[in-house]
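J.: What follows is each chain in one-letter form.
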Amino acid sequence: MSAAAAAVDIRGVEKRFGAVHALRGVCLEVRPGEFFGLLGPNGAGKTTLISALGGLARPDAGSLAVMGHDVARDFRAARRAVGIVPQEIVFDPFFTVRETLRIQSGYFGLRRNEAWIDELLERLALASKAEANMRSLSGGMKRRVMVAQALVHRPPVIVLDEPTAGVDVELRQTLWQFIRGLNAAGHTIVLTTHYLEEAQQLCSRIAMMKDGRIVAMDSVANLLAAFSERVLRVKLEGGALPAALATNATRGEAGYWRIPVEDMAQVETVLARLREAGATLSGLEVSEPDLEEVFLHIMRRPGQELRGP
Amino acid sequence: MTGFPTLLYKEVLRFWKVSFQTVAAPVLSALLYLLVFAHALASHVQVFPGVSYVQFLIPGLAMMAMLQNAFANSSSSIIQSKITGNIVFILLPPMAPVEIFAAYLVAAMVRGLVVGLGVFAATLWLIPIPVAKPLWAIGFAVVGSGMLGVLGIVAGIWSEKFDQLAAFQNFLVMPLTFLAGVFYSVHSLPPFWRGLSRLNPFFYAIDGFRYGFFAQSDVSPWASLAFATATFAALSLLTLQLLRRGYKLRH
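Protein sequences, first through last, are from chains E and L. Using my numbering, the first residue of the first sequence is number 1, and each one after it goes up by one. Using my numbering, the first residue of the second sequence is number 1, and each one after it goes up by one.
One thing to keep in mind: the hints can contain errors.
Here are the simulated EDC-like pairs of lysine to aspartate or glutamate, each with C-alpha atoms no more than 20 Å apart in a straight line [stated by the list, open to error]: (1) L/K17 x E/E88; (2) L/K82 x E/E88; (3) L/K82 x E/E229; (4) L/K248 x E/E88; (5) L/K161 x E/D92; (6) L/K161 x E/E131; (7) L/K17 x E/E131.
Chain E is nowhere near these chain L residues, computed Cβ spacing over 12 Å in every case [as the list claims (entries may be wrong)]: (8) L8; (9) Y9; (10) L28; (11) A38; (12) F48; (13) L124; (14) I129; (15) V154; (16) F162; (17) L179; (18) F192; (19) N200.
Computed, partial: chain E to chain L, Cβ under 7 Å [claimed, not checked]: (20) L56; (21) A57; (22) D60; (23) M67; (24) A72; (25) R73; (26) D74; (27) R76; (28) R79; (29) R80; (30) I84; (31) P86; (32) I103; (33) G106; (34) W116.
Quick caveat, the hints were computed from the structure, so don't treat them as lab data. Just so you know, even glycine gets a beta-carbon here, dropped at the ideal spot from N, CA and C.
All chains should be modelled from the sequences, with the hints used to inform the complete structure.
T.: Below you can see the structure in the form of structure tokens.
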């Protein structure tokens, strides 16, 4: 492997569980330092792919590597390089938060990790619960402990599988602030989420999965440019749409006209034309391009494989 | 070895934190067996010359408790981790299959030996027994709890529900320990049952362990050691193979 190895390199991974073809030749490369989003509906294969990356699932074909280390042949180095936060909330009820983190450090051969454990507790707002038993924590706190557990060995690659599912707003903010800080410090982040707004705000590049395949992969900017648009919606009080505008416009819901616009200057132009035509507006809104639209567009497309540049 | 010492520590801490249930309770039930059987049978049975029935019972009961608790430790820990899902915290770190195997095995042996010592500690001041060949006793205690510790790992990996583990425990481990000559000498059995008992690896653990105390046994201690060690080794190889393949753990 070259010095500039991909943070995550997935090649032609196939996985079947009995009759279910969970992964159908998945290829994916995440570059070091990226904030990468993996999106897709339930059952698309995201969690299976993450499991394979962590050695929890064994692919039938293909290979996976983390920081240049093959997850099967060089499993020790690969597992040291990645920290995975599983989707389900799981914990060991026998131990306190601090014991849990000490034990997790020990599994990685780290005997004196107290300073980093303290920092993790502090930054994830768990310091006051350090000596509490895992059983006594709320779901959100257990989730934070799981994030800390995935980070005890300071992995260069951090994988979060729907970390904010069912988590309150405050924790979500704390968590993203923390993860963004780690990304700024050079950690590669791979995130799966159902909150497309979050993905749009956080990720620089995104892959979308459907039925075990990657169906789109590109930078967020390119995806938005290709599949979503800025739209001006207007509702007129009587009167028809001026002919100059009608060519581009389509009928939207609740009597609104939907007029795609390039930028804000074009919004001005459209409004000026409406004024010239003597139209009176009873409703007006401008919607920015959003990932949800891209997602729905891509997911509704008949299932052929498409790869971004 | 990266994670072995910690996983071993965690596994020992796990049962130690609930030692009322994992150590005190089995010691108490061994004492209850002793009390009941000694009262019912002491005047009717003498198995070895010069050894009272109560004395004869103690090493057998101690070994039975060691076997059952070594099994219980590894099997219940693994199935609980599997069912609650926290097994991922053991599967994600860079631990080799042999490290995971050794940690669960040694922790199970520690539990077995602690319970065995507990049984002796609780009975010795009431009923003193000789320790004629201490090395034999220690050797069989180690091999016996090791054998069942490994069997517990297999059962924990194989079972998908508590019900299946309970079946393994109640229909295999319990009958085999009860019928391994804890309460009687297999010499007192009809030939058919005597022959059958000799196929039971637990019998050799108990018979050899008893030899360590009374220097008397149903079969030669060397034969017992060979049989028990071979079983231990075979089960260990099988279990390591299951762990390497990720059987029911890495899908």
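J.: Tell me, which hint numbers fail for this structure?
T.: 1, 3, 6, 8, 9, 22, 23, 24, 25, 26, 34
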